[in-house]
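Q: Here is how the chains run, residue by residue.
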Amino acid sequence: MVINLLLMNQENVWVRGSEYAHVKMIKHEVQKRKRRWERSGGEGLMKQYIFKRLVSGIIVLFGLSVFTFMLIHFIPGDPVRIMLGQRATVEQIEMLREELGLNKPLVVQYVNYASGVVKGDLGTSLKTGRPVSTEIAERFPATAKMAVASLGVAIVVGVGLGVLAARFKDTFLDGLIMTFSTFGMALPGFWLGLLMILVFSVYLGWFPIAGGTGFMDIVMPAFTLGTLMATALCRLTRAGMVEVLSNDYIRTARAKGMGERIVLLRHAFRNVMIPIVAVIGLEFAGLLGGAVIVEQVFNWPGIGTLAIQAISSRDFPMIQGTTLFIGAIYVFVVILIDVLYAILDPRIDYTVKREGA
Amino acid sequence: MSQLNKTIPVRSSWRRERSLPRFELLGKIMQKKKAKYSFFMMLAIIVIGIIGPWIAPHDPTKTYYEAFMQGPSKEFWLGTDAIGRDILSRLLYGTRVTLTVAVMASAMTFVAGTFIGVTSAYLGGIFDNVMMRIMDVLLALPGIVLALAIVAALGPSQENAMIAIGIASIPGFSILVRGAALTIKGAGYVEASRSIGSSNWWIIMNQLIPNISNILIVYTTMFIGSAILGTSALGFIGLGAQPPTPEWGTMLSEGKDYLREAWWLATFPGLAITIVVFTVYMLGDALRDIFDPKS
Numbered sequence: 000m001v002i003n004l005l006l007m008n009q010e011n012v013w014v015r016g017s018e019y020a021h022v023k024m025i026k027h028e029v030q031k032r033k034r035r036w037e038r039s040g041g042e043g044l045m046k047q048y049i050f051k052r053l054v055s056g057i058i059v060l061f062g063l064s065v066f067t068f069m070l071i072h073f074i075p076g077d078p079v080r081i082m083l084g085q086r087a088t089v090e091q092i093e094m095l096r097e098e099l100g101l102n103k104p105l106v107v108q109y110v111n112y113a114s115g116v117v118k119g120d121l122g123t124s125l126k127t128g129r130p131v132s133t134e135i136a137e138r139f140p141a142t143a144k145m146a147v148a149s150l151g152v153a154i155v156v157g158v159g160l161g162v163l164a165a166r167f168k169d170t171f172l173d174g175l176i177m178t179f180s181t182f183g184m185a186l187p188g189f190w191l192g193l194l195m196i197l198v199f200s201v202y203l204g205w206f207p208i209a210g211g212t213g214f215m216d217i218v219m220p221a222f223t224l225g226t227l228m229a230t231a232l233c234r235l236t237r238a239g240m241v242e243v244l245s246n247d248y249i250r251t252a253r254a255k256g257m258g259e260r261i262v263l264l265r266h267a268f269r270n271v272m273i274p275i276v277a278v279i280g281l282e283f284a285g286l287l288g289g290a291v292i293v294e295q296v297f298n299w300p301g302i303g304t305l306a307i308q309a310i311s312s313r314d315f316p317m318i319q320g321t322t323l324f325i326g327a328i329y330v331f332v333v334i335l336i337d338v339l340y341a342i343l344d345p346r347i348d349y350t351v352k353r354e355g356a
Numbered sequence: 000m001s002q003l004n005k006t007i008p009v010r011s012s013w014r015r016e017r018s019l020p021r022f023e024l025l026g027k028i029m030q031k032k033k034a035k036y037s038f039f040m041m042l043a044i045i046v047i048g049i050i051g052p053w054i055a056p057h058d059p060t061k062t063y064y065e066a067f068m069q070g071p072s073k074e075f076w077l078g079t080d081a082i083g084r085d086i087l088s089r090l091l092y093g094t095r096v097t098l099t100v101a102v103m104a105s106a107m108t109f110v111a112g113t114f115i116g117v118t119s120a121y122l123g124g125i126f127d128n129v130m131m132r133i134m135d136v137l138l139a140l141p142g143i144v145l146a147l148a149i150v151a152a153l154g155p156s157q158e159n160a161m162i163a164i165g166i167a168s169i170p171g172f173s174i175l176v177r178g179a180a181l182t183i184k185g186a187g188y189v190e191a192s193r194s195i196g197s198s199n200w201w202i203i204m205n206q207l208i209p210n211i212s213n214i215l216i217v218y219t220t221m222f223i224g225s226a227i228l229g230t231s232a233l234g235f236i237g238l239g240a241q242p243p244t245p246e247w248g249t250m251l252s253e254g255k256d257y258l259r260e261a262w263w264l265a266t267f268p269g270l271a272i273t274i275v276v277f278t279v280y281m282l283g284d285a286l287r288d289i290f291d292p293k294s
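Just so you know, the protein sequences line up as chains A and B, in that order. Mapping of the first sequence onto numbering that gives the first Met the number 0: residues 0 to 356, in sequence order. Mapping of the second sequence onto numbering that gives the first Met the number 0: residues 0 to 294, in sequence order.
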């Protein structure tokens, strides 16, 4: 999440690359489903949509497995020699080659790899000799914990500041928040993390530097990651709120003498929640794969540090396993979100009922 | 083929409508405060990148044995690192390293991303479908993980980091370009030149790409910013430029171990990265405002 593939969409919002694509996709899908639903009368459409979504997810997972499988073949030179280092004997090299099945034809290798993956067997770590899937499963709770904590920070800070900026649009406060959010996008996650450690651990001594996974340990990484994510959320919220606040019903509500807090939260914010929730879902999906850089800064024992350890020790089964896991969990969660959307989006049902009546 | 096109009356409409003639862009930049400041900041950074080695007060790789981990002083403005090298000089040299890597990586993204985006928008059909599926697969991985996987295969070095960042940015870039190209594809003049038999390649090169060039400029600027973040992230993990190269991310990772003793080690390189990336983003933002005044 540190490479902010920060891009713009038409609504003058900055969103990361993949999110941009997915938000657009969701909008597009909702439109398409609406149209088809109206045509078909809604029968069996949900099943069809869910089925289609699952199929496209399986295609992406297949592509991912090909990608991670091919990683080992991208290595220039002899991969086994590189894994074992220069001092390995010919016998050792031949043994590992045999073990990894690298002397078989490429297609056979892939079939073996893929059938292992389907059964949950991601190979054995060269470094520890333990199954890759076990190691990933051990690290996952820490990553999930951090994902939840940092998402909480991101929602509170990002959405809060976004609403505030929209409420005081074109004032000094708005300018300040927007400048901060642009600045936040330029901020490298690892530097923000180091600064946090420097200020709050070294100088103030409030939090432990790194190591554990307790409550005090999670505060700093969660704030680092949350602040970074909050920038995109803040812009998204502000853009949506500005659009909604210019509507007539907001003016009506204000003219009625309704409290500003109720106008903002109940009338306006509820209407911009859909894209925001979509982005939050995607952020969460990405976070569950581990925040590679921030985990590294705080020595957080999650998937991200596991991946980096594997890369530095050239533990290729582990590299393949973590990469596949990070991609797969993203795909799973995104599909889950899309399906939930299909089930929960009340507008579709509403249209059908009204038109059917 | 271009001969043919010149004879049809609608000629002026397919010609790239230069919304901004050559020097008008500069004029527009000067008119806006944000654009002006970010433009001059960028210019200053590029100048530092070029003349950095001459204005650096010390040799970036020379060890000063009498000055290990000294704080900012008159001689060493930003202090020295754990093995007595001048931080300021290393930062100045590093500007060139960072800018080169980021610009090269973005150039790679630009060429490949534009090609993939425009061709799949224009050709459509199976080609488009297959391309977008591949991009979907790559987008399932966060950019940094994709870059890490590529570096893991190629081995850690500055060149490989550049290649990895370049490749990792292609999916996002090409999807954006495809979206932009789709809006041009339906234009009347594209239809017209196809009807008189222009080749696909000619249409892509002379009509699609010139007409989305504004968007391409903005996106590429933004991608340079994220490429800087990416390369320094790789350097920070130790998979980018290798020591003793004065790369900013690598410098930060060296400073990470001495947070207790020397705050300046982990402060100034990060500040440099943030300032440069911030400037690039501001410039990109300002350029977009100039090209697209509606938003």
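Among these hints, one or two may not hold up.
Claimed, not checked - Only pairs whose alpha carbons sit at most 25 Å apart, straight line, appear in this in silico SDA-like list of lysine to any residue: (1) B:K255 to A:W205; (2) A:K46 to A:F331; (3) B:K255 to A:S312; (4) A:K118 to A:L335; (5) B:K33 to A:R166; (6) B:K255 to A:F214; (7) B:K255 to A:G204; (8) B:K33 to A:D169; (9) A:K168 to A:I275.
Since the hints were made in silico from the structure, they are not lab data. These numbers were taken from a predicted model, which means no experiment stands behind them.
Q: Give a verdict on every hint.
A: Against the structure, the hints:
1. A hinted pair counts as satisfied when its Cα atoms are at most 25 Å apart, and B:K255 with A:W205 qualifies at roughly 19 Å.
2. Taking the CA atoms of A:K46 and A:F331, the gap is near 17 Å; set against the 25 Å cutoff, the hint holds.
3. Straight-line distance between C-alpha atoms of B:K255 and A:S312 comes to about 20 Å, which keeps the hinted pair within the 25 Å bound.
4. Between A:K118 and A:L335 the CA atoms are separated by roughly 21 Å; this keeps the pair inside 25 Å, and the hint holds.
5. Using a Cα cut-off of 25 Å, the hinted pair B:K33 and A:R166 holds, with the two alpha carbons roughly 23 Å apart.
6. In summary, the hint linking B:K255 to A:F214 is supported, as the alpha carbons are separated by about 23 Å, within the 25 Å threshold.
7. Restraint check: the Cα-Cα separation between B:K255 and A:G204 comes to about 17 Å, which is no more than 25 Å; the hinted pair holds.
8. With a C-alpha separation of about 16 Å, the suggested pairing of B:K33 with A:D169 holds against the 25 Å cut-off.
9. Restraint check for A:K168 and A:I275: satisfied, since their Cα atoms lie roughly 19 Å apart, inside the 25 Å limit.
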